[in-house]
Amino acid sequence: MSGFGSRFAMFQRISAAYRASAKESLPRVSFKGIDSDQIVAQITAICEANSDQTASTMKLPFRLYVKQSNIKNAGFGVFLGPCSGTLTVKQGTVVCLYPGVVYSSIDPIFFPSISNHFVLQRMDGSLIDGKHSGLSKYMFKSIRKRELAWNRVEYDNQWLDQRKEGESNNWNIGQLINNSFNNMDDANVVYNEFTLSQSFPMQWRQFIPNVPFAPEEENIFGIALVTTKDISFSSLDDRVELLASYQSLE
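Each residue of the sequence shown is one higher than the one before, counting from 80 in our numbering.
To be clear, the hints were calculated from the coordinates, so they are not data collected in a lab.
Ranges between beta-carbon positions, derived for each pair:
| no. | residue 1 | residue 2 | range |
| --- | --- | --- | --- |
| 1 | 220 | 167 | 36 to 42 Å |
| 2 | 217 | 140 | 31 to 37 Å |
| 3 | 167 | 204 | 33 to 39 Å |
| 4 | 185 | 225 | 15 to 21 Å |
From the three backbone atoms N, C-alpha and C, an ideal C-beta is built for every residue, glycine too.
Turn these sequences into a full structure, and let the hints steer you where they fit.
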């Protein structure tokens, strides 16, 4: 991953003053994304289309791949490809979800956050820990087991093992998307917040990669990656790397 500084919670407050003073000189992503209701509508449509599937074999209107990023020394990145029938993914399409444990602003996240560049902060102060290893992985697996035992709710945990090259079998890999650090005009996805209320069908939560830290929390406060422009492909074999503007979380 690249460009951690402006992306993650521990740096967001520190960089806020700089971003405000440099606002006029920084290129910005003109499309700020879509609202929570629109995101939930797209998630619902995908879940309905996969109602006879499992999270390990999701059917999506596009294809996702994990492979070496085009950015030097950035490690893996996420690439988007077309499905048969269309060579364009439209602006405003949810292409990935950001996985992990969701902590409210008062939940204890100090120890999981140490040396953790995958903690992403929402505008409401809640935090999502998208790290796939160490204490973060242990916390996610433990809370997932709690939800399964107490509430009979199963959340997706496939993302914990998807840091390997190849086609992804679902869209819960938003933590692997790199930053268009050198030129923010290259950004083709933006972070958008959404909320899944308690009315969201329990059987569909197997497709959601987030678990609430607090056992009494029934809503899911998530972050989706939404395309900022139409992404066109020259052929069915074409791949475009997804790049985010970490300074434009909405």
